[in-house]
Amino acid sequence: MATATLGRRGKAAPFRTRERRRANLRALLYLSPWIVGFGVFFAYPLISTVYFSFQRYDMFTLEPVGLLNWKYFLRDDAAWTSIKNTLWLVVVMVPLRVVFGLGVAQLVTKLKAGAGVFRTIFYLPSLVPLVAGTLGFVYLLNPGTGPVQAILGAVGIPSPDWFGDPAWSKWGLTLLALWSVGDLMVIFMAALLDVPKQLYEAAALDGASAWQQFTRITLPVIRPVVMFSAVTGVIQTLQYFTQAMVAARVASGATDSAGSVFTPGYPDGSTLTFPEWLFQEGFRDFAMGYACVLALILFAVSMIFTLILLRQFRGFSEEEA
Amino acid sequence: MTATLAPETIARRPAASTRSPRGRALLYWIAKHAIAVALSIMFLGPLVFIILTAFMSNRQALTSQLWPQTWNWSNFADIFEKAPLLTWISNTVMYSVLATAFMLVSSIPVAYALAKFRFRGRKLAFLLVITTMMLPPQVVAVPIYLVWARFHLTGTLWPLIIPMLLGDAFSIFLLRQFLVTIPREYSDAARVDGCGEFRTLIRVILPMARPAIAAVGLFQFFFCWNDYYGPLLYAGTDQSHWTLSLGLAAFKSQHSTQWNLTMAATILAMAPVIVVFFFAQKVFIEGVKLTGVK
Numbered sequence: 001m002a003t004a005t006l007g008r009r010g011k012a013a014p015f016r017t018r019e020r021r022r023a024n025l026r027a028l029l030y031l032s033p034w035i036v037g038f039g040v041f042f043a044y045p046l047i048s049t050v051y052f053s054f055q056r057y058d059m060f061t062l063e064p065v066g067l068l069n070w071k072y073f074l075r076d077d078a079a080w081t082s083i084k085n086t087l088w089l090v091v092v093m094v095p096l097r098v099v100f101g102l103g104v105a106q107l108v109t110k111l112k113a114g115a116g117v118f119r120t121i122f123y124l125p126s127l128v129p130l131v132a133g134t135l136g137f138v139y140l141l142n143p144g145t146g147p148v149q150a151i152l153g154a155v156g157i158p159s160p161d162w163f164g165d166p167a168w169s170k171w172g173l174t175l176l177a178l179w180s181v182g183d184l185m186v187i188f189m190a191a192l193l194d195v196p197k198q199l200y201e202a203a204a205l206d207g208a209s210a211w212q213q214f215t216r217i218t219l220p221v222i223r224p225v226v227m228f229s230a231v232t233g234v235i236q237t238l239q240y241f242t243q244a245m246v247a248a249r250v251a252s253g254a255t256d257s258a259g260s261v262f263t264p265g266y267p268d269g270s271t272l273t274f275p276e277w278l279f280q281e282g283f284r285d286f287a288m289g290y291a292c293v294l295a296l297i298l299f300a301v302s303m304i305f306t307l308i309l310l311r312q313f314r315g316f317s318e319e320e321a
Numbered sequence: 001m002t003a004t005l006a007p008e009t010i011a012r013r014p015a016a017s018t019r020s021p022r023g024r025a026l027l028y029w030i031a032k033h034a035i036a037v038a039l040s041i042m043f044l045g046p047l048v049f050i051i052l053t054a055f056m057s058n059r060q061a062l063t064s065q066l067w068p069q070t071w072n073w074s075n076f077a078d079i080f081e082k083a084p085l086l087t088w089i090s091n092t093v094m095y096s097v098l099a100t101a102f103m104l105v106s107s108i109p110v111a112y113a114l115a116k117f118r119f120r121g122r123k124l125a126f127l128l129v130i131t132t133m134m135l136p137p138q139v140v141a142v143p144i145y146l147v148w149a150r151f152h153l154t155g156t157l158w159p160l161i162i163p164m165l166l167g168d169a170f171s172i173f174l175l176r177q178f179l180v181t182i183p184r185e186y187s188d189a190a191r192v193d194g195c196g197e198f199r200t201l202i203r204v205i206l207p208m209a210r211p212a213i214a215a216v217g218l219f220q221f222f223f224c225w226n227d228y229y230g231p232l233l234y235a236g237t238d239q240s241h242w243t244l245s246l247g248l249a250a251f252k253s254q255h256s257t258q259w260n261l262t263m264a265a266t267i268l269a270m271a272p273v274i275v276v277f278f279f280a281q282k283v284f285i286e287g288v289k290l291t292g293v294k
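In order, the protein sequences belong to chains X and V.
Last residue of the first sequence? That's 321 in the UniProt record's numbering, and every number before it is there in order.
Last residue of the second sequence? That's 294 in the UniProt record's numbering, and every number before it is there in order.
No lab work stands behind these hints, which were simulated from the structure alone.
You may find that some hints are simply not true.
[To be verified] Distance condition first, Cα-Cα at most 16 Å in a straight line; then the derived EDC-like pairs of lysine to aspartate or glutamate:
#1 V:K282 x X:D183
#2 X:K110 x X:D206
#3 X:K110 x X:E201
#4 V:K289 x X:D194
#5 V:K289 x X:D183
#6 X:K84 x X:D268
Keep in mind it's a predicted model, so treat the numbers as computed, not measured.
Kindly generate the complete structure, drawing on both the sequences and the hints.
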């Protein structure tokens, strides 16, 4: 905008720098809430987290302990369990969600009758509040009470004790994630509808099958969108917290009342995710220095994926304005 | 999962078995819609079972029967006696409304500047917005918690509301993505008419950005309505500060194993979201599209 003004006036250099300075100041004014927020809620706490990672702190006494917290991490079995579980979710849940979301989106774009109704139905579960959806799934998949047992039994398949069996609990969470795939579906539908129609017409003339059209035309064209969704999916999964917490809490029947202790991860640590363990250490056991070690590890891993994402954005933001 | 490959596989199979192209198209049509119906049952099934269970008696809810023997409407009255639901609802509404209002006031100017101003560090600012949007909130949770504790605000929901006055990275990002698409000519025309930058934003850009603002506002509102991590961290053990999500997660364990009442409370938490969605479906879908990058 400032350059547009410049162009019109076409004044000499000193004037131009003053114009530019005014434009910078104006931007600063508009951005000021975010700049303050960035400092207070991001930059300061990040530096502070590094500082606390070398301290023992329980909100009462602060004691420098050097690398003790970091050494403890290497021996902390629960932390490694949570890393394994989080990795499982990244490797299994994220790809399944992307593939399923893409499949559903492809199906809806191909429907002639009732596409709008189907789109609404498929999208609806992704709006259900996480806690409510998780509660529903724990009930539905509960072998004693839920209908899934009854339905599978009728077909002759024995139903596992989903959220009560360490071998199946993460699959239960995966089913929940696939159920709420609607947001991905909408993103993929938008991308699929943007693929130029002529490409398909030309391919059909050449006798390409539907599968060939999908792999040779659709996938290459929508690849950036799929990649973007996969990477954001990984980043979101690194934060996976609510569903695991609620499922474990409800399935274990643990109470919140004072005096009783609930340790996330039921059954047998199989649903313990990394952010859950960070939360537990920092805000339930008040080992805040150690929680900062876990926070920095989470920061480092998330940052790697964020950088992958930013690289995709760089070319993208240079195009306009 | 198998359904993802099905449309293409099925599309080829009839090609071998039927001769006329019209018969093939018909089979293809039937196959696609059959899969869609099957998927619909899978997507709607859990919701239907939650609703059915909410009407059952407590004893029946512990069996694997699907249909309520008697429709116990009183379950929905009972849950209000079992738990301070009204308090939780009003806390949730306060959190959601204030956070959304604060977010809009602070984030719109930021998004506008990122989308339309040229200034030094513009690209860096945008990259930092994306970075803060992507990084898990747990990364910086400890020091922020300690700051709120120093102000004696832990044990309330204010630590979740006040920061919204300083903008929300995800909302800034989405609004920016929309504002970038508004052609420059509109704001240029306003300037020729003698509008200042701020009046251009209020009079010209905001009315045009109404769908995006509505979408971002709804997303924020629902994020707060559904939020579990934030209230769990800050609301503390005093139930009078709890939100609906927090109360709901604890509901079942506090009332032995009354699945019917738990499901009734679940419906209470879902209903507003679903009702609003049906009134503002288009806004939602357009908003979700903004989150995918093109």
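Results of checking the hints against the structure:
no. : hint            : in the structure
1   : V:K282 x X:D183 : holds, 13 Å
2   : X:K110 x X:D206 : violated, 20 Å
3   : X:K110 x X:E201 : holds, 15 Å
4   : V:K289 x X:D194 : holds, 12 Å
5   : V:K289 x X:D183 : holds, 9 Å
6   : X:K84 x X:D268  : holds, 13 Å
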